[in-house]
Structure formats: structure tokens, C-alpha cells
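Same order as they appear, the protein sequences are chains A and B. Everything in the first sequence is counted per this note's numbering, starting at 259 for the first residue and increasing by one. Everything in the second sequence is counted per this note's numbering, starting at 107 for the first residue and increasing by one.
It should be emphasised that the hints constitute simulated quantities derived from the structure, not laboratory data. None of the hints are false.
If we take Cβ atoms under 10 Å as the criterion, some of the chain A residues that face chain B in the derived model are: (1) A275; (2) D276; (3) T280; (4) L287; (5) V294; (6) W318.
We put the CB at the ideal spot given by N, CA and C, even for glycine.
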Amino acid sequence: MRFARGAASELIGLFVADWLQTAVIVAILAAGWYAVAGLHASPLPVLPALVLLLAAQLVWFTLAEARRTRSAPKRSPSASPS
Amino acid sequence: MYQQLFAFGAAFLGSAVESTEALTIVLAVGLTRGWRSPLYGTVLALVSLAVLVVLFGQLIVQRVPDSVLKLVIGTLLLLFGLRWLHKAVLRSAGVIALHDEEQAYEKTVSELRVAVTRQDWVGFVIAFKGVFLEGLEVVFIVVAVGGTSLYFPWAVAGGLLAMVVVAAAGFVIRKPLARVPENTLKYAVGIALTSLGTFWAAEGMGASWPLDFVSILFLAAAYFAASRLAVQLIRRPALA
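Bound-form chain A, shown alone (with noise of 0.2 Å):
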């Protein structure tokens, strides 16, 4: 049970790491689907704003968490071993 348990957690433990940040991810992506499926907007404006909003959620984050760390260094939530 406890390995069962500790494979459930590694395996989200791939794909999340911040909730925060993967509900912002995952809003990017939805409101990137809803203008290219839902109002058939043309791709060459949107596939660059869906870039560089990943981009800036990377730099804002990776920041956020460096700030946080710096400022509590002993509680890192990154510091996992993976």
C-alpha cells in the first residue's frame, strides 16, 4: 500500500510540482485551444502568444520560487531529489 502510494505520488510528482503553476499552464493551453477550435481564430497570432505566455509563466515562477527559497532556505519545495 505504501509503495502504491509512493508510485501514485511520483507519478504526479512528474507533471506537478506547483499546483499554482500547472492550473497556469493548463489555462494557457485551454484559452490557446478555445481561440484555435472554439473561435477559429488563425493560428499566427496565437501560436506566439501561446509561446511567449509559457515563456513568461517560466520566468515569473522559476523567480517566485527563488524568492521564496532565499528567503526560507531550509523549506525549498524543489529541493526533491529527482
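Given the coordinates of chain A, assemble chain B onto it according to the supplied hints.
Leaving out everything else, chain B in the frame of chain A:
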């Protein structure tokens, strides 16, 4: 041809990193408590993982519609790649420590220094757990990178070759592979998987990329630029 090579390379590099972590655990158990039980654990874990690859690979390739497959796997690949990239940026900027295989090895060894019984279940379970859990990441990388029938054999070949190369290196030197530049590999694989994930997720939405597969190179350049920007911003004195 470039697409197949990209799938092979991404699966190879990603699998090599995870195989190194699994090897560290198996070496620690084997050298501390004897080889028999940890090798059984390793073989059982590898067989379980092979079954997962065959089952999920076949199921995904044959049953799931192409657009759904690209959207779902693209999203998962993006989340997976961004997680690696996020950590690689923090390690490059010195916010979190580099992963040290020798330290991980010594930690496992010190936990195992107790009397060994004839049937060493502890060695078996630790080796099985280490190989299975690290191997799950290899399976995901292989299934996700080779998610379309065209690239699946290439990704499987990349993943298998990485495991063989790492296992052979471990067998020859009988020490943890401390010199593998893990953060650099994770950085590169993070960018490759994030780019591939963005490409597929957008294709799954119904969008077509200009220049088709070549646009992955531009995506990689964009994510690399963003990650370097993040490293520079983190290193600024105001934040540091």
C-alpha cells in the same frame, strides 16, 4: 528523418538521466548487501516497465485519435519538460544544490548498513522500488516522445540504448556515475521536451505550425532564451 532522430535523441538523453539515478540505487544496494536480491528486484522492475510500455504504447497508438493524442501527450510533455526546466534554471542560478550522485549513493549505503539475512527482502524491495519509480519516468518519456506510431520505435530504441549504456558504464566502473553532467542534461532535455510538448499540444488544438517540424527549433530557442533570462534575473544582486 530529423523527426525520428529528434525523438531518438530526446528519449535517449531523458532516459540516460533517469537510468543514472536508478543505477545509483542498485549499486548502493548491491555493493552493501550482495548482488542477488537487488538484481532480482531490478529484473522484476524492468519486466514490469516493459509490460507498461508495450500495453500503453499499443493502446495509445492504436486506440486514441491523433488530435486527442497530440493534445493530451503534448500537455503532459509540456508539464513534464517545464518541471525539469524550472529545476534546471534554479540549479544553474545556484538557488538549489546540484544533484550529487555520490551523496545519494552514500546516503543509501548508510541506510543499508545492517545485518543481511539469506533472503534479502530489503535489498530486493529497495532495488525494485528505485528502478521501477525512476523507470516510470523513462516509460513516460519514451511513450510521450514516441507518441505517434511513426516515432515510437525510435523513442523505444533511444530509451533502451540509454539504459544499456548506463548499465554497462555502471558495471565497468562499479561506482555511481558522478561525472554525468546531470543538470546540463536535464536542462537540454527540459528544453527539448517543452518544445516538443508545445508543438504537439498546439497541433492537437488544430493549429498548424509554420515550417512544420522545423518550428521546434524556434520553440527551443525561445525557451532557452526565457530560461537564461530567468537565470540572469535570479542572479541579480537585488534578488540574491
